[in-house]
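Required output: the full structure, derived from the provided sequences and hints.
The listed protein sequences derive, respectively, from chains A and B.
In this text, residue positions in the first sequence follow my numbering: the first is 1, and each later residue adds one.
In this text, residue positions in the second sequence follow my numbering: the first is 1, and each later residue adds one.
Please keep in mind that the hints were generated in silico from the structure rather than gathered at the bench.
C-beta: ideal position from N, C-alpha, C; glycine also.
Take the hints with a grain of salt, since some may be wrong.
What the hints assert, rightly or not - Chain B regions said to be covered by chain A (calculated; three or more residues, Cβ under 8 Å):
(1) 56-66
(2) 324-330
Said to hold, decoys possible - Residues of chain B clear of chain A, computed beta-carbon distances all greater than 10 Å:
(3) Thr15
(4) Gly31
(5) Phe111
(6) Leu232
(7) Phe242
(8) Ala243
(9) Val245
(10) Phe287
(11) Asp346
(12) Val353
To be verified - Distance condition first, Cα-Cα at most 20 Å in a straight line; then the derived SDA-like pairs of lysine to any residue:
(13) Lys119(A) x Pro175(B)
(14) Lys323(A) x Gly179(B)
(15) Lys173(B) x Thr189(A)
(16) Lys274(A) x Arg178(B)
(17) Lys59(A) x Ser325(B)
(18) Lys105(A) x Thr201(B)
(19) Lys173(B) x Pro356(A)
(20) Lys105(A) x Gly200(B)
(21) Lys173(B) x Tyr118(A)
(22) Lys25(A) x Leu324(B)
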Amino acid sequence: MNRRTLIAGAALALGLAGTAMAQDKTKVGFIFVGPVGDGGWTYEHNQARLALEEHFGDKVETVFQESVPEGADSERAMTQMALSGADLIFTTSFGYMDPTINVAKKFPDVKFEHATGYKRADNVSTYSARFYEGRAIQGHIAGKMTETNKIGYIASFPIPEVIRGINSAYIHARKANPDVEFSVVWAYTWFDPAKEADAANALIEQGADVILQHTDSTAPQAAAEKAGNVITFGQASDMIEYAPRPRVSSIIDNWAPYYIARVQAVMDGTWESKDTWDGIGPGMVGIGEITDAVPAEVKAEALALKDAIANGEYHPFTGPINKQDGTPWLAEGEIADDGTLAGMDFYVEGLTGEIPN
Amino acid sequence: MIRLVKRPQPSRFWTAVTPILAVLLTMVVGGIMFALLGKPPLEAIRIIFWDPLFHPQFAAYSRPQLLVKAGPLILIAIGLSIGFRAGIWNIGAEGQYIMGAITGAGVGLAFYPMESFIIFPLMVIAGALGGWAWGMIPALLKVKFGTNEILVSLMLVYVAEAWLASVSSGLLKNPEGRGFPGSRNLQQYDSAANAEIIAGTGMHWGVVAALIAVIFAYVLLTRHIRGFHIRLTGEAPRAARFAGVKPARVVLFCLGLSGALAGMAGLFEVAGPAGQITIDFNSGYGFTAIIVAFLGRLHPVGILLAGLLMALTYIGGELAQLMLSLPGASIQLFQGMLLFFLLATDVFTNFRVQLGRKGAA
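This is the structure:
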């Protein structure tokens, strides 16, 4: 109790000192899990931070801390950020969930936005993107393009987000090409170029000629380029420097519109705790340019799929879909509910291997 | 012509001075690096070394955090230093730290949701045993088959990480965690939580254990026959054998002790500041503790100071990132310089610099 009052006292003193300043400037903090130069996940969050500065100009001040380990260290980083007078703090990795809730309790006047988590409070919102929509388009292109019928998938951690991506890509690859097989490698990292390159090379040696990745570095792209006849997709960021081959398209996280809207809400005093899960439609998930390495016909199909998802005509998880063990999950025409998707811990029928347990 | 002449005995003066010299050199070269990055060097150095202790806005929070960060470093480094004194190189404290956290948290979670005062002590014992057992693997392999403990203990870190990933998404996974890997949060389970003993001080049981370990190691090394045997084994292995020291026993003792202390550090961390077992629960304390052990000259009091200094560079480094937008990597580089300069200046401890011609010799 004592500690809380102490910190609340410090926060109060600071708040008083800060309000005079805060009237013309809103201070926005970011906690990043990787380095801003990772070329993927953190890079895109940082791009959105820069977009904030561009959009609001003098009215906003941003601070960030990069490569913050999840757990105790992140709690300290957030506390120091709140003590330094931040009005709004974006914590941009799943592992920051409990620390965000802890720190938010100590600073009731500071607003927090936690990416990809599910715990909310009066001053904690959550937000995430429906990346699985992009995975569906990737899966379609991958299924059409593969000649060996083997698709390699570099997965990071066995969390619902990643499993959803594997399932969505597989379902649509299978629709495009019934003979397709997936090999999934669990890298247990979000960003480790050496490990990711090893995983890519192992998959290529096993005969995969399409590599999908749910890790953030460009190392798999470089490995595919070296191997020659292998295609890849940019992850989190466009990774356009590897176009037109091996990178034939990409899933781009576009956080800027959301960040701008939330900062505006803080400025207007209309900020409320809520859960946001947006996809291609509202622009949170972007599909990077499909290069000429993809035949025009396949490209047209992919774009049609993208439009259907964007305007809500089609949901990537539409039945009939069975679980891996053959038990029915979605009946003909049934659409998966968000609750099941958010906690997805099973493979769909046809995928081989097990989710690490 | 400059020549280095080996001293008959390490210089006491230089032993004490080199850590300070290393810190000063790190400040100078680090300052130049910050200047090259276009940041004010003096301000950066002040933020790193001064602000966590005395900044009006942050110090009330960051001072206790120094203890939180230094606690596990000191506890692990003390264990390592005893082995290093005997020439036994346990590089795998990170793995022992992980295993201690797993076994300790596992015991706590097995009792959930029962509340009893006995749970936390049992967790501490389980944590120490977990680390001890992980340390005994390289120890037994060395004693029985003469394997190299550096390699074995280091490789076991990766095995421990695989265990961590496995239990986070299996055995210890929070059943109410919506399918995400990671255990229940022990901070929210009173009987298992390693909370602050006095609120607002950062003083949790892990910090207390670290302080006890410092005293224990000091007494062991200066007053106890076993401590004498350890030092003798490191400094003169042949003499030690003549004096009746059994090398196998020293190996088992040193690796077991450093493993147990690292395991306890893991338990205190998982039950306290970290809160839960997750896939990437470990954040390098086991490796950083090696730096702390050497920075503290393998002396218990030195390690205490070195642990606090290391914690200061962490927390100050974070503040510098926040206030000056310094890149995170530059802070890691800054910390790396500290060890680099320590090793570099260490030359003066063992060698004398002689100016003049070589010809005469």
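Those earlier numbered hints the structure runs against, lowest number first: none
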